[in-house]
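J.: Chains as they are written, first to last, in UniProt numbering: chain D, 1 to 352; chain F, 1 to 579.
Bear in mind the hints are in silico, worked out from the structure with no lab data behind them. Treat the numbers as computed from the prediction; the structure is a model and nothing was measured. It is possible that some hints are incorrect.
[Unchecked claim] Computed footprint of chain D on chain F, listed as stretches where at least three residues anywhere in the stretch have a Cβ under 8 Å from a Cβ of chain D:
1) 57–68
2) 117–131
3) 448–454
4) 503–510
Ideal placement from N, C-alpha and C gives every residue a C-beta, glycine not left out.
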Amino acid sequence: MSGTSPTISLVRRTLCGALAAVSLAALGLAAGPAAAEEVVNVYTTREPALAAPLFEAFTKATGVRVHSVFVKDGLAERVKAEGAASPADVLMTVDVGNLLDVVDAGVTQPVETPVLTAAVPANLRDPQGNWYALSLRARLVYAAKDAKLTGIHYEDLADPKYKGKICIRSGQHPYNVALTAAYLVHHGEAKTEAWLRGVKANLARKATGGDREGARDIVGGICELAIGNSYYVGLMRSGKGGPEQQKWGDGIAVLLPTFEGGGTHVNVSGAAVAKNAPNKSNAVKLLEFAVSPEMQAIYAKANFEYPVLKGAAIDPVIAALGPLTVDPISLVDIAKARKKASELIDKVGFDS
Amino acid sequence: MPPHIISRNRRLASAFGRRRGALLLVAPALVAGFVLLPILALGIIAARGSGDLWPHLIAYVLPDAVSQTLILLAGVGLLSFFVAVPCAFLVATCEFPGRRLLDWALLLPLALPGYIVAYSYLDLLHPLGPVQGVLRFALGIASPRDFRLPDVRSVGGCIFVLSCVLYPYVYLSARASFLMQSAAALDVARSLGASRTRAALRIALPMARPAIVAGLTLVLLEVLGDIGASEFLGVRTLTVSIYATWVNRSNLPGAAQIALVMLALVLVLVAAERLARRRARYTTAAAGRPPARVCLRGGKAAGATLLCALPVLLGFVAPVWHLATAAAQRLEFSGLSPALLLEARNSALLAGGGTLVAIALGLVVTVGQRLSARPAASVLARIASLGYAVPGTVLAIGLLTPLAGFDNWVDAAARETFGVSTGLLISGSGGALVIAYAIRFLAIPIGGLEAGFTRMSPHLDMAARSLGATGASAVRRIHLPLLRPALATAALMVFVDGMKELPATLLLRPLGVETLATHIYGEAARGTYEDGALAALLVVLVGLVPVVILARISGAAFGATQSSSARRGEAQGAPTAVG
């Protein structure tokens, strides 16, 4: 015992300190915002760094403080479990499927204001007003510069000439499930399964990582084509992610693929007002602010997304990619095909 | 529990009264019930679903997920074994340059979460990274297209990464066991003409088997529960499949069903481990003079140094060096975020809270076990240890419903009686996380304290009783002081695990509370994990403090030549009893 006691007493002191600190912090964590302050509570599946510009601008413009928590998965389950006492006002997600999940879980409430209905086109919002899209992103193809491609269809990705040349993130990632669901709506189950098998056979490495790694792996010579979202191109090329990522962004050619006889697959980031929102008026205010010309411009400039508001400016880096022809099939149809798409992705062993 | 201890405990029962024995089980039973709560909730969720998911799962998901999981388990188990056991043996029984440093440095990878090491190795081994860059330069190859190493995003890469951070569990318990072994057995073998290697393989290794198996079980449970590293490296394990089912098909009941099946698998694993230990109880009787260390010279000494340094280099130095350079670049590029300090505080507070609760509950269970001396107490301890076998995500989903339900009940009652809303009392305050950590890591204090108690002679209790002490005062004046080293070790291990914990933290943390782990994950989810380098470095640094203390505690105990302190060392070192 004598050999260990100095350390032990150190440990004991540390533990006592921790106990005191924890009790203090429990008070601090529980106390929350002062009652007089105007707040809005946001649960979001959006990565904190991407949601921050909106929240900062909103607080600056309205004086309403934003409290947020980034919940990657389980947002609907959490709000549902919290029930009537939930502090959530606004629920934000980055995938149309996730958005509809939240609505299906019955934790949203319909809102309709002239500002919202005027700003968001009818195909980008729920007819009942349960959800609104706030921005658009396109699912693009990144290509090695020396591949000298000028255009490509999503269908071509299954072409055996690309064997061992394609990089993509997990097939079960919501972005890829949505793309596959769109393929299903266009071509039906049999053709989608064949396409998935073809793409799987063309993969240069495991389907994993993020979209940026596709660009990095092209520059690193692992693959020739990669599938990634549009805003990553802006984030990389603008140098916002640091010099290394700028190198990846500049090292690739970017194509706007289309479905044969259709357009480019887009997904949305969107928001809903929570059913038991304690600060409902602020929640509506935040939604309206998100689709205001000012904020739509910030979305485009800070996050390189396509605005939902007609006439709002697109960032030059994104505009340089060429004109976007949005695929005409409906987002709700895509969301409905998601389950089948996810099953097909399992069936062909896309991620294994 | 070995039969001879049970029989001793039976005798002990008379020390504090057979009559109150059953009463003493009430508190441990409450703790066990508390741990079962999320699992029961999971069962209810699972029952809500139909079975229609299973044909699809059996046809397309499970064959692959099960085989990948088994390959991963076997790979990490074997690699950890072959890394940890030789190192532990060399460090415990030989003298070579750097031994004293490596003795504790081999524990350092414990401070690194698997997902952080995975991010680091992807950077280090990427064609654009330093390793392949140097290789291409050395070979005179211009483009990565002409020469590439195999991708780390593979089952092999995942085995490597997870083994790098998990082998210390085996090392810790194997080293303790080698240090405890009596010199007599080895001397006999040597005098009968066995070579040193043969004596090691035929005597020392079999005697250390229970300790090694206990360490390996922890490793395998960690592998099963891992989501960060496996998902990132593209390995589709059962846990990752649970995720996909839940998230992409909005099928929470289905996910709960898979989770329960997996829990059953884990229970089989844990039962097998306990069976193995029961049969091997002959080793624990060993006592006497520990063997003197053999001095290695020349090539053998250099080989030993190299062999023991390699795991430290790969599991700690390389990833931490990479994190440090990435963090320095970040600091230069975007400066220090003030939020980081707040996150570090949150991490430490939540992990600290979880530690305190886990230790308190662990004491309740093991003291009840000691005083009541009933076999039922041992069963309750096993149930209370179940949390370690439940993946963090699954535990979090299971906790969500009962906790929020309780909160709403309190809220509604308060509104009705006092006209004020209490909001979300537990889930809104970080209390949910403290509870989640406590349940998830309760096995560590229970295992450590159980081991501490079994090394305490029941005669102490009888003496205390005969001198008129009540059970409570015996606990306070005799048990607790003697348990201190075990308590300290368990507390440190729970704290480090709490700091690293990701999936439950992500789902259960209150509004506006970000921890270091969730910050790193947020960046990684955006594909900018290098932005999280600073936070990752902080997690490692904070995690390092307890690991160094742990190494010092165990080092001090192991370093002493008295066998009594070496025995105590084992009590602290290995949280052997899980599940």
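J.: Now look at each hint and say whether the structure bears it out.
T.: Hint check:
Three residues within the 8 Å Cβ limit are the bar, and the stretch 57–68 of chain F against chain D gives 5, so the coverage statement holds. As drawn, the stretch 117–131 of chain F meets chain D at 4 residues by the rule of a beta-carbon pair under 8 Å; at three or more, the given contact holds. Coverage of a stretch by a chain is defined here by at least three residues with a beta carbon nearer than 8 Å to that chain's beta carbons; for the stretch 448–454 of chain F and chain D the count is 0, and the condition is violated. Closer than 8 Å: that is the beta-carbon criterion, and the stretch 503–510 of chain F has 4 residues meeting it against chain D, so the requirement of 3 holds.
This entry does not satisfy hint 3, going by the numbered hints stated previously; all others are met.
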